[in-house]
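Participant: Order-wise, the sequence lines are chains Z and L.
Each position in the first sequence, counted from 1, maps to that position plus 81 in this note's numbering.
Each position in the second sequence, counted from 1, maps to that position plus 4 in this note's numbering.
In case anyone wonders, no lab produced these hints; they're calculated from the structure.
We put the CB at the ideal spot given by N, CA and C, even for glycine.
Only true hints are included.
Subject to a maximum C-alpha distance of 30 Å in a straight line, what follows is the list of computed DSSO-like cross-link-like pairs (lysine-lysine): (1) Z:403 with Z:102; (2) Z:206 with L:73; (3) Z:309 with L:191; (4) Z:84 with L:29; (5) Z:206 with L:125; (6) Z:308 with L:191; (7) L:163 with L:145; (8) L:191 with Z:281; (9) Z:403 with Z:368; (10) Z:320 with L:191; (11) Z:206 with L:99; (12) Z:281 with L:29; (13) Z:119 with Z:395; (14) L:54 with Z:281; (15) L:166 with L:111; (16) L:191 with Z:321; (17) L:109 with L:16; (18) Z:403 with Z:365; (19) Z:83 with L:29; (20) L:23 with Z:281; (21) L:19 with L:166; (22) Z:281 with L:176.
Calculated Cβ distances over 10 Å to all of chain L for the following chain Z residues: (23) 206; (24) 262; (25) 311; (26) 357; (27) 400; (28) 401.
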Amino acid sequence: MKKIINQPDNVVSEMLMGIEKANPDVVYHSGVEVISRKQKKDNKVGLVSGGGSGHEPAHAGYVGYGMLDAAVSGNVFASPSPDRILKGIQEADSGAGVLLIIKNYSGDIMNFNMAKDLAQMDDIKVETVVVKDDVAVEESTYSTGRRGIAGTVFVHKIAGAKAEKGASLEEVKEAAQKTIDNVRSMGMAMTPCILPAVGKPGFELDDNEVEIGMGIHGEPGIERTSKKTAKEYAEIMVKKILDDYDYSSSEVALMINGLGSTPLMELYILNNEVQNILKDKGIKIYKTFVGNYMTALEMSGCSVTLLKLDDELKDLLDFESKAPGMRV
Amino acid sequence: MKNVLNTKDVVKVLKIIAKRIEENKDYITDLDAILGDGDHWANMNMGYQKIVSIEEELLELNLADLFKKVGMTLMSTIGGSSGVLYGDAFITAHKSLIGVEEMDKFKIHEVLDSGLNAMMKRGNAKPGDKTMIDTLYQAVKAYKESLDNNDEFEITINKMVKAAEEGMESTKEMEAAKGRAFYRTDKGVGHIDPGAVTMYYQIQELAQYIML
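Isolated chain L, as found in the complex (with noise of 0.2 Å):
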């Protein structure tokens, strides 16, 4: 269980999370064939393994400077509306971490709080629109509710995962309001979105780190 994140410990966890996606391609790309253009799994793909690519890059940086260069990343490899998107929360971020060695729990809120904003206020988009922003923002909610309620962070860490969980389930049920899901009749209602599991990927990957 770790308490803090540093550079080195983010960047661990972008790798791992890189090696989540690369192992999913079929699975999110058939999720993307119904619902959007089918190349969501490539362009995150993509973008992880850029990440990845530059690693060594990253270790040289301070937590600011590594959030800003990894959005600068993600936002020009994986393109489309995803790009932007992480691209804006993390490029977002990375404000409240300046001056920041290490994330304590409270700062690791702080950094999912303001990405969530972000992408919300980018994508001009809510819970409940069916998209990866259902499974970011059920995550902040609990963990924040947590916080509140004197948790042990472990315990915190464990409701987060949950909820990111019920969020990205959550998206099966709903109709989209964005993207290409919208145009169709049935507005994607039975399919999961397959950028809500991509999210969630990424929050169980940050959760079982944390964990080790």
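For reference, chain Z alone in the conformation it holds in the complex (with noise of 0.2 Å):
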């Protein structure tokens, strides 16, 4: 394993260290790992979100005015526990209620809520929304479900953008789960990656072997199969999106998200397939975002996300956002 690491059980809180230093907007809170924001606004919502380290810049990198109050982060693909998460509330909390959005994953769905409950009993009013938008897995009732993957970005975007105009908690509750009813993404990988404290890959895949549908921890997806073309590549997970969700005759956000060693170039090559393919189905894309913006460490691979828009949406999509990990 190489990394630029000192010891794998101090990278979340060195992380955090070097993004507080490289920020000037945020402060770390040591222990809790929780990054916020310095400038208050009295009687806004406050938006956190979270999850497991290792997909930067989610979720510290979406602090900012426009997007999150508080990044509240667990180990490396681990659930941060709720007394790390209750801290984010309470400095997110500005009189006006506090919203978290989680990531449909079975710990961060348990350490949230519990967090929430923790939260009631010091009287700060909190609702919750579960970003479920990874079409690879099999929406269910009596399991997990469909996993949050990149289409949580727009959620952050969205609901930063409603909380900053003033919205009530319920207001920005709305536009949040308006945005995830009308998210879906699907990625693919190339390379597996290493957790820091294991210093070994968790899966493998062949030299000509790629895995459609795995998850952002290294899940299993759909099926490995042959290295194939970008043209390629983008059918597969464009049509795999659209069998699930009707985008046609609508206008769509489009975002072409790398998982971490995925050079630009690729992303790129990808998002001129991708367009191509949506053209010709008559869906019209209003605005495009290429980038790393949900990573898996250092896998390879990508993930395509795609987001109907009404006005509002459009609106809020448009609105202002001054954190690092997407600036508009």
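Build the complex: two chains, separate frames, hints provided.
Facilitator: Here it is as structure tokens:
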């Protein structure tokens, strides 16, 4: 394992110290691994997200004007504990309540909900939304169901803008939920990632093999297949998304997301192919984001995310964001 | 054979459990490498070692505060799913211990049952989901049936351990509905759930302590 780290046990805290030093607008709360905004606005709905580390810039990179108020980090790929999330909620609360944006994983759901219970004991009003945009997993009522992946960033963006405009907790939650209802993602992986504490890859892929639908923690996807062209990858991923949700004759925001070690060159090639397909299908692209938004350590691969827009979502998507992970 | 448990007893049991978990690193880690993230042992061990490190402080507490403190400690040190589930179980159980100096066999059942219910509610999980709940649910069920049967306490404890073991073993053929194993094509069938094993260790060590 070759990584720019000191001790595997310290990667999260040392990363957050580095984030604090890189961004004068945020403060790091040591021990509880929370990054929050320095400037608080009274009576603005607070937005808190978080989850395991290893997905940078998610989630600390989305703390800033127009997006999150606080991000809570767990260990690499592990949910933060309720006491940490509670600290994030307390930091984000300025009197108008707090919305928790949770990705749909068993651990995150439990820890964020427990933190919500603890915060309500402190008389802080807390609401939650759960992002489940990964169409690689079948939706199901008896299990955890769909994972939350790159589409979560759009939820941060939309809810963040809504909160900044002075909306109430209920209105911010509605905008977040509308985003969740209209966003779908699909990913693929080409090489595995290495957890610093483990030191070796959690799975292996042959040189000529890719895994379609793999999750951002290396969870199994839909199928392993031989390597293909960018055009073919684009077709596979877009088809899976369009089979799940009808985007025909609508306007969308498109995100081409890298998982960590895929060069931007390849992401732009993929973007070109995806946009060609969408154009053929009469889907109009309103805004495009290409970059590393929701990563999986040094995994190589990508995901494609589509968000169907209406006038309200367009307006909120265009609203200013000063968060380093997504400047608009 | 003990008939009641006080703070001192509970702290001793927690220490014995810490040792048991510490000794089974490879087995638990290997199981979790197949079904989970491979960190279940490391997290559980960290949580219980933390408990051991605050032993003196714990011994000063009444039963209710002891359970609350253990819950908060496990919640923040184990982390992940297991941390919040064990944390919630202990924190919820503390409510039935307010004003109680010693747990008799009925109180022990109440504590285990409230912990179980807290875990099922928090995890939105039920028996059959291939989790630690499969061990605890069977243990609590057998305990209750034995109490209703007016069995000797020794028999109740034996039935509880046996049921816990069967519950743990039963996870082998189950399909996972929770956590990472759910995303596997085989849903983890053929492998025992590591969380069910560490839960079994805890129940077995509690039982052995009572039987001493």
